[in-house]
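These protein sequence lines are chains C and U, in that order. Residue numbering for the first sequence is 1 to 213, as defined by UniProt numbering. Residue numbering for the second sequence is 1 to 458, as defined by UniProt numbering.
No lab work stands behind these hints, which were simulated from the structure alone. Here the structure is a predicted model, which is why all the values come from computation and not from measurement. One should not assume that every hint holds.
Claimed, not checked - Derived DEER-like restraints, expressed as beta-carbon distance ranges:
1) K140(C) x L239(U): 44 to 54 Å
2) M109(C) x L189(U): 25 to 35 Å
3) G55(C) x A322(U): 28 to 38 Å
4) P113(C) x P256(U): 33 to 43 Å
5) F321(U) x V128(C): 55 to 65 Å
6) V128(C) x R187(U): 23 to 33 Å
7) K101(C) x L146(U): 21 to 31 Å
8) K350(U) x W186(C): 53 to 63 Å
9) L239(U) x R72(C): 45 to 55 Å
10) I223(U) x E162(C): 54 to 64 Å
11) K350(U) x S77(C): 16 to 26 Å
12) E196(U) x K140(C): 33 to 43 Å
Built from N, CA and C at the ideal position, the CB exists for glycine as well.
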Amino acid sequence: CGNQDCFRLIVLGDSTVGKSCLLHRFTEGRFPGPLHSDPTVGVDFFSRLVEIEPGKRVKLQLWDTAGQERFRSITRSYYRNSVGGLLVFDITNRRSFEHVKDWLEEAKMHVQPFQIVFLLVGHKCDLVSQREVTREEAEKLSSAFGMKYIETSAKDATNVEESFTILTRDIYELVKKGEITIQDGWEGVKSGFVPNVVHSSEEAVKPRRQCIC
Amino acid sequence: MKSKKASSFHEFARNTSDAWDIGDDEDEDFSSSSSSSLQTLNSKVAKATAAQVLENHSKLRAKPERAPAAFSDVPTNCKVSKSSSEAQLSRTAEEACVRSPLQKQQSLPLRPVIPLVARISDQNASGAPPMTVREKTRLEKFRQLLSSHNTDLDELRKCSWPGVPREVRPVTWRLLSGYLPANMERRKLTLQRKREEYFGFIQQYYDSRNEEHHQDTYRQIHIDIPRTNPLIPLFQQPLVQEIFERILFIWAIRHPASGYVQGINDLVTPFFVVFLSEYVEEDVENFDVTNLSQDVLRSIEADSFWCMSKLLDGIQDNYTFAQPGIQKKVKALEELVSRIDEQVHNHFRKYEVEYLQFAFRWMNNLLMRELPLRCTIRLWDTYQSEPEGFSHFHLYVCAAFLIKWRKEILDEEDFQGLLMLLQNLPTIHWGNEEIGLLLAEAYRLKYMFADAPNHYRR
Chain C
1 CGNQDCFRLI VLGDSTVGKS CLLHRFTEGR FPGPLHSDPT VGVDFFSRLV
51 EIEPGKRVKL QLWDTAGQER FRSITRSYYR NSVGGLLVFD ITNRRSFEHV
101 KDWLEEAKMH VQPFQIVFLL VGHKCDLVSQ REVTREEAEK LSSAFGMKYI
151 ETSAKDATNV EESFTILTRD IYELVKKGEI TIQDGWEGVK SGFVPNVVHS
201 SEEAVKPRRQ CIC
Chain U
1 MKSKKASSFH EFARNTSDAW DIGDDEDEDF SSSSSSSLQT LNSKVAKATA
51 AQVLENHSKL RAKPERAPAA FSDVPTNCKV SKSSSEAQLS RTAEEACVRS
101 PLQKQQSLPL RPVIPLVARI SDQNASGAPP MTVREKTRLE KFRQLLSSHN
151 TDLDELRKCS WPGVPREVRP VTWRLLSGYL PANMERRKLT LQRKREEYFG
201 FIQQYYDSRN EEHHQDTYRQ IHIDIPRTNP LIPLFQQPLV QEIFERILFI
251 WAIRHPASGY VQGINDLVTP FFVVFLSEYV EEDVENFDVT NLSQDVLRSI
301 EADSFWCMSK LLDGIQDNYT FAQPGIQKKV KALEELVSRI DEQVHNHFRK
351 YEVEYLQFAF RWMNNLLMRE LPLRCTIRLW DTYQSEPEGF SHFHLYVCAA
401 FLIKWRKEIL DEEDFQGLLM LLQNLPTIHW GNEEIGLLLA EAYRLKYMFA
451 DAPNHYRR
């Protein structure tokens, strides 16, 4: 990271909701096409730098998880070290929306004792005519869970940038307020130089831990 | 064990390659290759094992009347056609080159698109030499073995280890997998019976794919098939996709302990391509399967099903709950690497890279996502000739594969650089030669470490 802050985010959701395409769009600026990326097995890694306010850049380390149930025992181990998550469903696939609460439960159970800041993402919003989930019900669900909702399309790049930036900014605010603190042995947030974070005295005397990102 | 010098893999590989190459004067060939390959090993144990490896190699190469070309199974009769996927190959490579500075800068690579059958017949991307006398002799040896009343399977394994010639690969694979009996007279009937049995399953079970208890399985297969080998036109044909769906669905419901797991879809591909190649002279990746008779397609489908089943029998614990087979193998890989290349191992520790983060896929998809399809097919010649090739020898291949990139690994000095590298290893131009060297190194590791204390045991 050098002197950059570094957040680890995880991307969750059913198989084929478009998690990998969303990440390709975000990190490479291109859409591989749903038929051009083979199913993710286990977990894939991505990364990108985002600017959340003028002059303030945060390095994101992104874990793209496999949607299939059988990989759960592998993907689970990545929750713990994530500070934020995109909970993705496909607006043209009702089932994937219904599973959102299962994904959330799963994540909450395995992130203990830490917490994850989530953003609910309704993906494939370019496919308007095939929509099976209305914006209203998605918003209702997201507010019930206390998270924000955004609709994205990796195909035409709608809100892809925004979704990651919003989540990152929210996390950054929590870090600034001290509601999320950097801890040894936890990879969710690593700090290069966060002036507003209050460190415990013990931390302050220790040499700053080398950030690996 | 001291960590190896940067060049030692290449040194060893070159030596081994030499050791497997011709040379009428066997003894002389040996002493030179053994002495140089030993330069990097300094314990008594290492010497003993190396000698054993060489002895084994000598057995391997000594069997065919004339020593076989180590890694080439390039046939003469395959007209190398400029296919669209070949064009794709170079296009992808260009893209990769153009993209790489960007990647470096932003660390944002897309997994390279490498599952090309491209030039499957011309397996060495660096160009296919015409068939040499040695290769002809080798092919002759295979033909002899295959046509004998009772095929000597041990002998067939030995001959197949360094690669099976394309012309005889389909029948050799059927024999090596244990699907086809060694006895010539029983073959025809067995094939007929097994094919009927498979289509019996289809008749009995395939309709159940829409029933509630199988719905999820079928749905997952159905959405994965169009994403399997996405860039090869062959696999975009409806008939081919239906074949894959049937094979996977029947296998899944007959193996409820694992069911269908993503990754298994990839494992059908090599069998399908090899059995199809029996009927297609060239350009397999663009072949229109409607040109084949119903009977032929049914045979290809049934044979692919049975051979895939045999393969999966050996690695089913990779796909059962919590995937214990993979967990175990990734741990074993870590332990093995900590012994053979401490520097690489410590480098990972320093930057907090965990083996599971990159090697999970290596195990779950048997390196198929990391290598071009032509290389996987060549790799499977050997896996099917090794005892427990897919379940055990694969571990050593993974270790050799990792160490192959040690220089690139040690050059990366942060976590994300390492992960990006390991997820996108540049193998797109790999061919027989690279796989041959990889296998030689894996073989060496297997013999060096198979009996080492504390080391992974089956």
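Tested hints:
{"no.": "1", "hint": "K140(C) x L239(U): 44 to 54 Å", "verdict": "holds, 45 Å"}
{"no.": "2", "hint": "M109(C) x L189(U): 25 to 35 Å", "verdict": "violated, 55 Å"}
{"no.": "3", "hint": "G55(C) x A322(U): 28 to 38 Å", "verdict": "violated, 46 Å"}
{"no.": "4", "hint": "P113(C) x P256(U): 33 to 43 Å", "verdict": "holds, 36 Å"}
{"no.": "5", "hint": "F321(U) x V128(C): 55 to 65 Å", "verdict": "violated, 40 Å"}
{"no.": "6", "hint": "V128(C) x R187(U): 23 to 33 Å", "verdict": "violated, 58 Å"}
{"no.": "7", "hint": "K101(C) x L146(U): 21 to 31 Å", "verdict": "violated, 58 Å"}
{"no.": "8", "hint": "K350(U) x W186(C): 53 to 63 Å", "verdict": "violated, 19 Å"}
{"no.": "9", "hint": "L239(U) x R72(C): 45 to 55 Å", "verdict": "violated, 34 Å"}
{"no.": "10", "hint": "I223(U) x E162(C): 54 to 64 Å", "verdict": "violated, 28 Å"}
{"no.": "11", "hint": "K350(U) x S77(C): 16 to 26 Å", "verdict": "holds, 21 Å"}
{"no.": "12", "hint": "E196(U) x K140(C): 33 to 43 Å", "verdict": "violated, 56 Å"}
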